[in-house]
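So the sequence lines, in the order shown, correspond to chains B and F. Residue numbers for the first sequence follow my numbering, so the first one is 16 and each next one is one higher. Residue numbers for the second sequence follow my numbering, so the first one is 571 and each next one is one higher.
FYI, nobody ran anything at the bench for these hints, they're computed from the structure. From the three backbone atoms N, C-alpha and C, an ideal C-beta is built for every residue, glycine too. Some clues are possibly wrong.
Capping the alpha-carbon separation at 30 Å, the derived lysine-lysine pairs in DSS-like fashion look like this [said to hold, decoys possible]:
#, chain 1, residue 1, chain 2, residue 2
1, F, Lys691, B, Lys549
2, F, Lys691, B, Lys694
3, B, Lys563, B, Lys549
Some chain B residues well away from chain F (every beta-carbon gap over 10 Å; in silico) [what the hints assert, rightly or not]:
#, residue
4, Ala67
5, Leu77
6, Gln301
7, Leu340
8, Glu381
9, Gly495
10, Gly570
11, Lys694
12, Gly717
Pairwise CB distance ranges (calculated) [to be verified]:
#, chain 1, residue 1, chain 2, residue 2, range
13, F, Arg623, B, Arg513, 46 to 52 Å
14, B, Gly664, F, Met692, 45 to 51 Å
15, F, Thr654, B, Phe568, 44 to 50 Å
16, B, Ser718, F, Glu677, 35 to 41 Å
17, F, Glu677, B, Arg513, 24 to 30 Å
18, B, Phe568, F, Lys573, 36 to 42 Å
19, F, Lys573, B, Gly548, 32 to 38 Å
20, B, Glu510, F, Arg623, 50 to 56 Å
21, F, Met692, B, Tyr681, 34 to 40 Å
22, F, Thr654, B, Ser718, 56 to 62 Å
23, B, Leu551, F, Met692, 20 to 26 Å
24, B, Pro629, F, Val673, 16 to 22 Å
25, F, Val673, B, Phe568, 28 to 34 Å
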Amino acid sequence: MLPAADITACDREPIRVPGAIQPHGYLLALDAEGLAVRFWSANWGDVSVAHAAMAGLDEPKLKSLTAGHSAVAVGGFELHGQALSAWAHRLDDVVIVEFESRAPKMPLEAPLYELARDFLPQLQGVSEVQPLLEIAARELKRLTGFGRCLIYRFDADGHGEVLAQAMDAGYESYAGHHFPAPDIPRQARDLYLANRFRLIPDASYQPVALLATDATTDAGSLDLSLAYLRSVSPVHLEYMRNMGTLASMSVSIVVDGKLWGLASCHNHEARFLVPEVRAACSHLGQLLSMLVEAKEANAEVESRLALRKITLELVAHLSDSDPTLRGLVSEPTLLLRMAHATGAAVVLDDRAWTAGETPDEERLLEIADWVSGMGRDVYDVDQLATVLPSFAAQTGAVAGLLALSISRVHRHVILWFRPEIVKTITWAGDPHKEMVADAAGRIHPRRSFESWVEQVVGRSRPWSTAEVNAVTELRQALIGIVLKRAEEVAAVASELSRVNKELEAFSYTVSHDLRAPMRHIAGYVDLVLESEGKLLSPRSNRYLGHVKDASAFAGQLVDALLDFSRMGRSALKLREVNGEEMVNSLIRELSRQDAARDITWKVEPGLPSMSADPVLLQVAARNLLANAVKYSRKQAAPVITIRPVAAEGFVGIEVEDNGVGFQMQYVGKLFGVFQRLHKAEDFEGTGIGLANVKRIVERHGGSVWARGEPGVGATFGFLLPQKSESIPANVAQP
Amino acid sequence: MIKPILLVEDDPRDLELTLVALERSQLANEVVVLRDGAQALEYLFREGEYASRDEGNPAVILLDLKLPKVNGLEVLEAVRKSATLRAIPVVMLTSSQEETDLVRSYELGVNAYVVKPVEFKMFVSAIADLGVFWAVLNEPPPGSLKASRIYE
Chain B
16 MLPAADITAC
26 DREPIRVPGA
36 IQPHGYLLAL
46 DAEGLAVRFW
56 SANWGDVSVA
66 HAAMAGLDEP
76 KLKSLTAGHS
86 AVAVGGFELH
96 GQALSAWAHR
106 LDDVVIVEFE
116 SRAPKMPLEA
126 PLYELARDFL
136 PQLQGVSEVQ
146 PLLEIAAREL
156 KRLTGFGRCL
166 IYRFDADGHG
176 EVLAQAMDAG
186 YESYAGHHFP
196 APDIPRQARD
206 LYLANRFRLI
216 PDASYQPVAL
226 LATDATTDAG
236 SLDLSLAYLR
246 SVSPVHLEYM
256 RNMGTLASMS
266 VSIVVDGKLW
276 GLASCHNHEA
286 RFLVPEVRAA
296 CSHLGQLLSM
306 LVEAKEANAE
316 VESRLALRKI
326 TLELVAHLSD
336 SDPTLRGLVS
346 EPTLLLRMAH
356 ATGAAVVLDD
366 RAWTAGETPD
376 EERLLEIADW
386 VSGMGRDVYD
396 VDQLATVLPS
406 FAAQTGAVAG
416 LLALSISRVH
426 RHVILWFRPE
436 IVKTITWAGD
446 PHKEMVADAA
456 GRIHPRRSFE
466 SWVEQVVGRS
476 RPWSTAEVNA
486 VTELRQALIG
496 IVLKRAEEVA
506 AVASELSRVN
516 KELEAFSYTV
526 SHDLRAPMRH
536 IAGYVDLVLE
546 SEGKLLSPRS
556 NRYLGHVKDA
566 SAFAGQLVDA
576 LLDFSRMGRS
586 ALKLREVNGE
596 EMVNSLIREL
606 SRQDAARDIT
616 WKVEPGLPSM
626 SADPVLLQVA
636 ARNLLANAVK
646 YSRKQAAPVI
656 TIRPVAAEGF
666 VGIEVEDNGV
676 GFQMQYVGKL
686 FGVFQRLHKA
696 EDFEGTGIGL
706 ANVKRIVERH
716 GGSVWARGEP
726 GVGATFGFLL
736 PQKSESIPAN
746 VAQP
Chain F
571 MIKPILLVED
581 DPRDLELTLV
591 ALERSQLANE
601 VVVLRDGAQA
611 LEYLFREGEY
621 ASRDEGNPAV
631 ILLDLKLPKV
641 NGLEVLEAVR
651 KSATLRAIPV
661 VMLTSSQEET
671 DLVRSYELGV
681 NAYVVKPVEF
691 KMFVSAIADL
701 GVFWAVLNEP
711 PPGSLKASRI
721 YE
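Looking at chain B on its own, in the form it has when it is part of the complex:
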């Protein structure tokens, strides 16, 4: 693991208010209103000299300074025969004037002009950040004459990586090296944002103290954030000396208001830069910042467009063909490409579909569980084992995880995986540096700049913002599809329920209206038989008997149809039903009805407790048991066996008899309304009993089945879904 850039000892150094300046210039700090001298640098020699220096300054200009603007030239002064030029800037209510020796000779051409003439044309036609940085590093080195120019970028953790380098022979190469985050303390980073140019011409300098004109004021209170002469942290000077470079200069690269990176130049020997060169360096830094910002934005837009195109393709594919999320894996290339992953999985509740290289199903479910538990729509991690330690052994193909949670209610998760990249990081020194305080309590940065090599294992390439955004967009699109689908289903369901209602109303009306004529036929035939039967021939009597039976049977059919229609309408009132008690009471009831027959009832132990409507479940069970009794009527020694059955998430009952049985080819007809497999003379009945069983069981979300063999017997059973934890039948219920 890399150390995060947190507060170290360096973060507490007061670098903005060092109370001292570097010795290559002189400083005055004036009251912004009256221009009275408040602070002066000790190298003026005497406060009277400091006051005298005011004479060469342009007072109206000093008074017109605005806080936050860059330093402007405000005149000069001659000290001990040395011509000084003065630059001033304002910070709050203080005007800081910095004096430096006027350059002995001006460059032939203004460096800024050279920059515009030579550097800018090179940038045209460069479309990527990397070559841009290389050109900039070379230009910076040429401008400053420093021995080595590095350009490095900070990553999300604050570690710097050297991306471009230009250097002379005799300098150590830092190409590809990493600078650990603590090398640049946090408050230094903040300062680099405020003041984007720094120069330390000679790291072996002796700081010049600042003195206050008013004895009660502490010179250490003057904020030198924007002062060019600001004395830097002794720790930094020691760092520079350790690196073997006495002069350093850096220019901040600021992208989107954040410190993106630094252009940093070093020289073995002390090196001073004239103001014109410094100005050119500052401009180069600003140019670089703008160009990097533009190129990164372009790259971001391009990759976002490319990813969006893939998202659209995926979504189009999904809405055209397979309506469910698992259809995503039928386009494995797109699914993988949209997150630049090597493996992907769609997990819907307890099932997983995969593309590419993924962990096994059990592992996928474990990850999906963990992801849905987080309650986040999108989650990404480039080192899965650090958050899911059980995956430590699994790294390799699944070091990085990008997860998309589609539903908060169901476990509907899409996962992408990236393999481990065994990355070798070359550090400019051990990032796990230890700060050692000396006797005086001062901290020293490490003295060794030998490269320190670390191998990062178990870590994948990090998921980019564009990728995370792309899958977030995919989520929106998928939810759109799912919602549309749900609406369609709801529309179909409401249409279906309307048709069902119509059908039921129709069947009710039909039954109701059919019942009256049946009653009339039966009634009047009865009346005729009663009053005139003796006068009619036996044959006529028999015919009328048929009429009566037929109408009575038609009446029964109508009643059965009515019951069947009612069965589908009444609301289910679910309770726990003790299967054993129910079966035993039905056996008693059936035995009473048919007391003459000697049936062997075998009730196997462990009949389940079921979550069902007690009345309807009893109707279904009674039908199965009564059928077993009926169809084993011709059997000399009828045996009826009732046994428990179970499947995952389901429990039920099976009834087996050794009666007439049936041919399996007709099994599909058994559960239909008015479907009969036997002649009416053999076995009476309306043929609606099993249809009722099926309807009841299916209304509970269960299933029915039948097995049979002619002359051997038949087995009928049903399974009902288990609601929550069902109570075993042999456990007494409270």
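On the provided structure of chain B, position chain F as indicated by the hints.
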């Protein structure tokens, strides 16, 4: 004087069967036959055609559920709302046991509910039982009026 039995039935064949059944139960009560709900209400409230009938309520009303103009449930509702008629026992006759009809009848305070059996013998015994219970025993105390006789 014995109060009459009021029979409200629109189907002529059902009417004849019901009359035969009543005849066989050998009740002394006169049977007043009405063919629709509107007629029944006129009779009960002594309006229109029946404005001049003698005072007095029937011993029991045998009321078919499906009736032209004003259906059985509406007649029942009107009877239960009227102070003078409220105490008359009402037996609902119907072709089938449709739950919503049944529930509604009980809500409106029906005394009994008969699903006309297909078998004529059962029909006769059902009608006879009811006649004896409501017409001969007559005027049961209010509050003990509810009974259900359902033949399937």
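Which of the listed hints are broken here? Failing hint: just 10.
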